[in-house]
Each structure stands twice: as structure tokens, then as C-alpha cells.
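Student: Protein chains in written order, with our numbering: chain A, 1 to 240; chain B, 1001 to 1240; chain C, 2001 to 2240; chain D, 3001 to 3240.
Hints listed in this document are in silico derivations from the structure and should not be mistaken for laboratory results.
Just so we're clear, the structure is a prediction, and the values are computed from it rather than from any experiment.
Watch out, some of these pointers could steer you wrong.
Below, simulated DSS-like cross-link-like pairs (lysine-lysine); rule was C-alpha separation at most 30 angstroms, straight line [stated by the list, open to error]:
1) K2211/C with K3211/D
2) K14/A with K1211/B
3) K3211/D with K2014/C
4) K211/A with K227/A
5) K211/A with K1014/B
6) K2014/C with K2211/C
7) K2227/C with K2211/C
8) K2211/C with K3014/D
9) K211/A with K1211/B
Away from chain C, derived, C-beta distances all over 10 angstroms, residues of chain B [stated by the list, open to error]:
10) K1014
11) E1027
12) P1028
13) H1051
14) P1065
15) D1066
16) H1070
17) A1073
18) F1081
19) Y1113
20) G1117
21) L1180
22) R1240
By construction, the Cβ of each residue, glycine as well, lies at the ideal position given by its N, Cα and C atoms.
Number of protein chains: 4
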Amino acid sequence: MTDDRPEASYRDLKAVVLNCTLKPSPEPSHTDGLLRIPIAVFEANGVAVDHVRVLDHDLPPGVQPDMTEHGAATDGWPALFERIIAADICVIGTPLWLGEKSSVCNRLVERLYGNSGQVNERGQWAYYGKAAGCIVTGNEDGAKHAAMNLLYSLQHLGYAIPPQADAAWLGEVGPGPSYLDEGSGGPENDFSNRNATFMAWNLLHLARLLKDAGGFPAHGNQPEAWKRGDSLDFPNPEYR
Amino acid sequence: MTDDRPEASYRDLKAVVLNCTLKPSPEPSHTDGLLRIPIAVFEANGVAVDHVRVLDHDLPPGVQPDMTEHGAATDGWPALFERIIAADICVIGTPLWLGEKSSVCNRLVERLYGNSGQVNERGQWAYYGKAAGCIVTGNEDGAKHAAMNLLYSLQHLGYAIPPQADAAWLGEVGPGPSYLDEGSGGPENDFSNRNATFMAWNLLHLARLLKDAGGFPAHGNQPEAWKRGDSLDFPNPEYR
Amino acid sequence: MTDDRPEASYRDLKAVVLNCTLKPSPEPSHTDGLLRIPIAVFEANGVAVDHVRVLDHDLPPGVQPDMTEHGAATDGWPALFERIIAADICVIGTPLWLGEKSSVCNRLVERLYGNSGQVNERGQWAYYGKAAGCIVTGNEDGAKHAAMNLLYSLQHLGYAIPPQADAAWLGEVGPGPSYLDEGSGGPENDFSNRNATFMAWNLLHLARLLKDAGGFPAHGNQPEAWKRGDSLDFPNPEYR
Amino acid sequence: MTDDRPEASYRDLKAVVLNCTLKPSPEPSHTDGLLRIPIAVFEANGVAVDHVRVLDHDLPPGVQPDMTEHGAATDGWPALFERIIAADICVIGTPLWLGEKSSVCNRLVERLYGNSGQVNERGQWAYYGKAAGCIVTGNEDGAKHAAMNLLYSLQHLGYAIPPQADAAWLGEVGPGPSYLDEGSGGPENDFSNRNATFMAWNLLHLARLLKDAGGFPAHGNQPEAWKRGDSLDFPNPEYR
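Please construct the entire structure, taking both the sequences and the accompanying hints into account.
Tutor: Below, the structure written as C-alpha cells:
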């Protein structure tokens, strides 16, 4: 075990960091407070970081790639989707209310889902070949609950999830200061700091492995191959 | 996109498949019905499969690596843990009751957690370098709820999660036949069959990448390095 | 056991039914399809039903009772809150996307939470004295997951939850028709029909009991009484 | 608002308090630490409390009322079920591991579910007419996640849930002392103390209302009435 820097370079990687606070810019966001850690680790390693406050984008409800084709007057999603799909790493950050991720975060997942039928040039679903994690901040409880839902959705969509891909800070049980509030103890919390740092490194490592492999290996995960009846070693041909 | 088999070989990989049914052997298990798919894909590719019915093992409650040191008369966990840690791939299968994973599955996760303080030879937590997924079967509802908890726990412990690492079969809403029951429609369900097959392949691919990399890359994820104050590009040294 | 109608009258009760579909009016909503059952049971018993499509209301993000005091240009919540707080029974209906309640539903819960610091004339939190339930519709999975979160939030806010306060319809596993689609089997599903009917009756019964009692009994649940140090039979006075 | 004691008497009520710790008796249980609050409130009001450590009972896996009829050598459940069904109030207490309720708690819910097909003398499912709540203790996170599942299961089985029927204590984020450990801050936590006290009172109130009503009102919630085609004001007779 050594602190020697890894030989790998990460300078060709891109990360998109999506803050799902309920507060519009330029209000300070506690979630941004904790997101600063993975952003700093990424940037220290030459990764281009696209830091997005989701609420600043007009995302009408719906699960189609472009809701203007379904009655919405405008839709900021197609442009935001291009930024997300351009990145090798995706980090979603959310606050907690009543122990649950924010409605802005829920909307983001719905819109990600709306593009889930698209395939990449290798015939895999669109989000294959990328790594994802999440950051949660809250007053007291709910980080694992929110993280399990977010990481589930991300892997279901096609992202790969490295070890320990979630990090959180929570205040003491009951009402109390939020992360960036004076005396919260948040920025000094060794556990949250370590987990956010480890998450960032694990995302770098997995994104590096996937990019070097030319994407997530393409066999046994292409919907058209299944539809046309390729074997894929499925054991009961009579059921195909 | 092609059906040519991948060039990679998987013959050096081992998989452990852990069935958390509430039924002791040799009773037939519906969960085994769906687990047969990843098992078949693994075996068709030369992967050694260790197929475990968790309930056949004596797993006393507790979160220590060996509960005989804490009052238990016997403990089957240390032996089972050796089989789990020997495998490159871990698949947990669970039935649903009231929309929730089984108590046997819950016990398994607790015992996995009991060993989570151990580190491997590279100073990472014990489960690093491996890939995990899950299979859920139930009468009607709860697959995603159970899967999000299981995949969360597995990544939190150190496993990496490939894309679409969960597969499920559910009967129609309301009481009805279970997977292996005559006329359930389970074994013929194209969606469940495809997802279970894709999960198996994605586990093979990710385990292959990790094994070829010599494990999950070791930097920024070693608890001792953090403790001794290595930088790891953490942005606020005054908080270390 | 008898089918004689209950002696109680429900004609003085009001119910608010909140549909959290992602589709704006006047698009047909599958969730409305299942909500028609509790609405019909309520109306057959003379209960005034306020049927709301939440998306038709402008609900900016935030957790304050009136977001125009915090930078929002407009806020439809204060008016909608008055309709919700006027009702003795609250039913939330939500569709499922990726096994999760809708973002519109998440927003509704956030806004309900924003008023949770208010107290009623008896010093209890604002939602005390009312009964709540939920309806979930989806293509295949997630009803219990969504219902457990919704019912949790509602009881945490102060609503009382009768037995079997959730009902759902789900299609077969995998893509398929939605509730109102031709051939879905939804409207004929005996299990969903029964559960939606039972939920409606259990809400009527509990709302009746609470209204007859003059609200939820007021002792041991008033925050000001706790703050001023009333005993309330708390066992360790040295910790007060 | 007054601290005058309520006029109602609770001396005819019984409560069962089920501690789902992973530690067998007589080891001290942190969960018992917090459970002492509702127990004290109940006893101060003359309620007979049956305090159970679930792990002291032999509960084989399975979802039948008596597993000795399905191959188990012994089964402690039938005797424990009698104690649970004899009580007007049920409180489940659970610790958290990896943000999840204990496997002992999961087993308890499975066994409760195994009796869910039984009906009471009024043709309602067995758990109707009773009130339930839960207590959660943990090192850092997961209380709401565990509570939402427990309260969901309890209402689905037939219990009624009063307002604010969950209470929890959690330590600071990251490893740290447990509830009864020196310096944990648990027993002095005003928020946890208040919530546990309010939960206890709300259970008393709702159990009182239900007992005075002769149980949960019996109409629109009897499975046999539905099966034989009673109207129950269901709106689409052609689907019955």
C-alpha cells in the first residue's frame, strides 16, 4: 500500500456533476458544499468537470426525450442530456426532505429514464460505458434510502457503479444546522470527507477501466441481439 | 453489433450464487428457477459456480466475523464467508414477502457486513475487486425495492455493480402462481429471461476487467492511507 | 358479518384526491382510472370530493409555506394547501417510473412538509385529525415501495392511516399496456378493485371516528406542551 | 391546550412491545434503551405491557401459521402470535445495520404475514382493530427507511397507524457510540425523547378510539363480503 500516485492519467475523462438542490442559482447550496470534494479530486486529476444546478434548467414533466413533441412549450432536457451523455462520470447530488431525495432529483431521474430506449453505436443502451455515484446531504436521516434509489436507477439505466459510490453528510437527529451553516461540523466530518474522496477515486478508476476497454464490453447486453434470437448462452432455447 | 463470442475467456473466474429462499433443501425453490439462467450462462463460459442455499447454513444473528467468539454455540458463517470471498462474482437471489427481501437474505447481508472491516492485501476493504448482482422472484410486487437495497449494500461493502445487475420475475398483481408453478408464465417470460441473461454477461464482463486489472485499482480507497493523512487530492487539508 | 350499510353518515366529510400524474389536463391519466374507485365510494356516501390534478397547479420548489416570500414569482401552493387542509380525508395517487413515485408526487410531499410546522387550534401539528391513503398505478413494479414512502410521510406529518390504506394496479412484468389501455386487464382486476374499495371504506371509517372525537385526541402530542416541560409521563425527568 | 390528563382511561388496554435486536437475552440492547419510553408511558397509564425480545423465541423461516406442519421441528410462533393478537397496541423496535432493519425484525414481519389470511369474528383480517408504531435505533442513518417499511407492513396487515407513529435515535454520521453507551447523547436527546413520547400517546389514543368503537368499523373491509359480491358501492358492477 502506497500513496504513490497511480500511473493512469485521467485527463481525457469528463465528469458531469448534477446538483438537485431545491434552491435556484445563485443561492448557496449545502449539497454543493459536499460536492466540492469529488469536484476537487476530479479537477486535481485533470478531469473536465461540468457542474450543473439542475433547477436552473427548464425540465417539464414527462418521460419522452423531447417534451416539446408532446405538448411542452419548451424543454431544456435535450441540451442537458447532451452534456450528461458526453461525460464518462456522472455524480448526482441531492438534499433530503422527509428522508427522501428532492423532487428536482426525481425529475432528473425521470428525464434520464426517458432516453433509456436509445442505444449507443455498439447496440447497448445509451448509458453503458460510464460510471456513476451520488452525494447526499441532509439534516438528520435518509442518506442510504436516497442513495439506494439513485444508484439503483443509474445501474438500471446502464451506468456501472464502483465500490462505495455514495457519500453523505447528515446532521444530528432532530432539527439543526445544515452542511454549510456555522458550526454544523459538516466540512470537518472525517467520515463524510473520506467517503466523498473514496467515491471520487473509485469513479475515476472505473471510468478509466471502461474507457480503456472501449466502453462496457459488448456481448450479451444488446437488445437487438436478444430480439433476433442470438443464443447468448441462455439455457432454455424453447423459451426464446 | 455481432453475435461473435467475445475473445475474452472467463474460465479462471469463480461465481458464488446465494439463494435466500425461506425453504430448506431439498424443497424446490422458485428463486432457484430464475437463478438457473445466470448459472447456465456462467457455466457455459467455463466459470466455476458455487451454488449455495443460505438457509442450509447455520448463521446465528450478529455482526461479528465469528459469532462463536460472542456467545454463539456454533457458526456456519466463517466457512461460508471463505466461499464468498473466494469468488469473483456474487449473485444474491431472494424471494419477496410483503414486497420485501427475505429474512434469510437480510441475515446474509448482516453477516457480510460483519466482515466489512477486513482489508485485502492492497489495503482495500475485503470485497473490493469483485462484481455483484441480484435476482428477485415474487408473486406480484417489490422487485425493484429489494434490488435497490441489495445492490446498495453490495456496493457499500466494496463490490462493483455492472449495468443492469438486477433481474426479476413477478406474477400478476394479486395472489397467483409462483415462478415454477404450472402456468405461471415465469419460465417463458421474455423480459425476465433477457434481463437475467444480460445481468450474467455484465457480471462476467466486469469481473473480467477487474481481474485483468489485478483487482480494483488501489489508490484513494485504502482506509489506512486516509488515516495516516495521505493527500488523495482532498481539497481542504485544514480539515484533515 | 353483514352487508347492511353502516349506521354512520359520512355526508359531513370532505375528501381531497390528489392525482400526481406527469400528464397535464386534459390528457387522460391512468392513475385517474384507479382513483375513480375511491372517488365513487366517497360520492356514493355523500362525501364532497375535491379531485385535483396536482400538475395543473404551479408549485415552485421549496419547503416554505409561500415561496413568493422566498423569491418565487408565483406560488399556487397556498391556495392548494387550503383545499387540502379543509378535507377530512386525503388520497394521493401516483404513477410509477423506474419503480418510484412521480416527481410531481415528490414535489407535493415537499410542499405538504413545508407547512408541517403549523399547529391547529388544539396545538397539534396541522395535519392531525385527518385520515390518508394512497393509490399507485404502474406498468409492472414498485407499488409497495411508493406506498410505503407516501404513507410514511403522511403519518409523519400528522395524518392517521387506517388499515390497508394503499391500493395498486400493476401490469405484468416487462413493458405492456397501462391501466386504461385496451386489454390491460386493469379495470377488471379483482384484487385491485377490492383493495381500492376497502381503502376507501377504511378512510371513511377512520375519518368518521376522528371527526366524532373532535379531532385526534389532544394530549401527549402538542409540541408546546413538550417544550414547556409538561410531564406527559416521560420516564426520565432528568433528561427534560 | 392544557396539561390536564385526558379523561379517558387506558387501564383495559394491552400493549405488546417487540424488540428485534440481534442480541439474545440477557445482553443489554440499545433498542430497549429507547423502547423504555413508550413502555413507561403505557405503564404510567395502567396499560399491561408484554415486553418481548423476539430473538428469545424460536421462529423458523416460513410464512405459514405453524411451521411444524411444514417440516419445522419446533415453532415458537404460534405461542408468540397469541400474545401479539391479544394486544390492542403493537410496537416494533429494531436496530439498524447497513441502514436496514434487523433480520430478526424481517423474520417477525414474515411470521406476522403468515397469519394474515385469518379473519376476526367480524370477518375482517386478523390484525384489524389494533394500533401500531415503531422505534428505531442506529449508529447513524436509516431510521425513516426502516420505519416506512415497518409501518407499511403493519397497515397492510390490518393495523391502524396513528400520527407520528415512529420515533428514532441515531448517532452522528460515521461510527460512534450506540444509544446506551457512555456519552452517546441518546438518552438526553430531546427530539428522540419527544417523538417516542408522542408516539406512545398517539397509540393510546387510537387504540382507545378503536376499542370504544368495538373494533375497526366493519363494512367495506370483509373479504367474504367482497367475494360474495356485496356492492360496497364499488362503481363498476360489470367488473365484479
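Student: Each hint needs a verdict: does it hold in this structure or not?
Tutor: For each hint, the structure was consulted:
1. K2211/C with K3211/D: Distance ~16 angstroms between K2211/C and K3211/D Cα, so the pair holds.
2. K14/A with K1211/B: Distance of about 25 angstroms is within 30 angstroms: holds.
3. K3211/D with K2014/C: Cα-Cα ~25 angstroms, so holds.
4. K211/A with K227/A: Roughly 27 angstroms separates the two Cα atoms, so the pair holds.
5. K211/A with K1014/B: holds (25 angstroms)
6. K2014/C with K2211/C: Roughly 11 angstroms between the alpha carbons, so the hint for K2014/C and K2211/C holds.
7. K2227/C with K2211/C: Answer holds: K2227/C to K2211/C is near 27 angstroms, not above 30 angstroms.
8. K2211/C with K3014/D: holds (25 angstroms)
9. K211/A with K1211/B: Distance of about 16 angstroms is within 30 angstroms: holds.
10. K1014: The claim stands: K1014/B keeps its Cβ more than 10 angstroms from every Cβ of chain C (closest is about 30 angstroms).
11. E1027: holds (24 angstroms)
12. P1028: holds (21 angstroms)
13. H1051: holds (24 angstroms)
14. P1065: Consistent with the label, P1065/B stays out of reach of chain C, its closest Cβ about 32 angstroms off (over 10 angstroms).
15. D1066: holds (35 angstroms)
16. H1070: It holds; H1070/B is separated from chain C by about 30 angstroms at its closest Cβ, greater than 10 angstroms.
17. A1073: Since the minimum Cβ distance to chain C is about 36 angstroms, A1073/B lies beyond 10 angstroms and the statement holds.
18. F1081: holds (30 angstroms)
19. Y1113: Fine: 22 angstroms to the nearest Cβ keeps Y1113/B off the interface.
20. G1117: Per Cβ check, G1117/B is outside 10 angstroms of chain C; nearest 31 angstroms; holds.
21. L1180: holds (16 angstroms)
22. R1240: At about 33 angstroms from chain C, R1240/B clears the 10 angstroms cut-off, so the statement holds.
Hint check: no violations occur; every hint is consistent with the structure.
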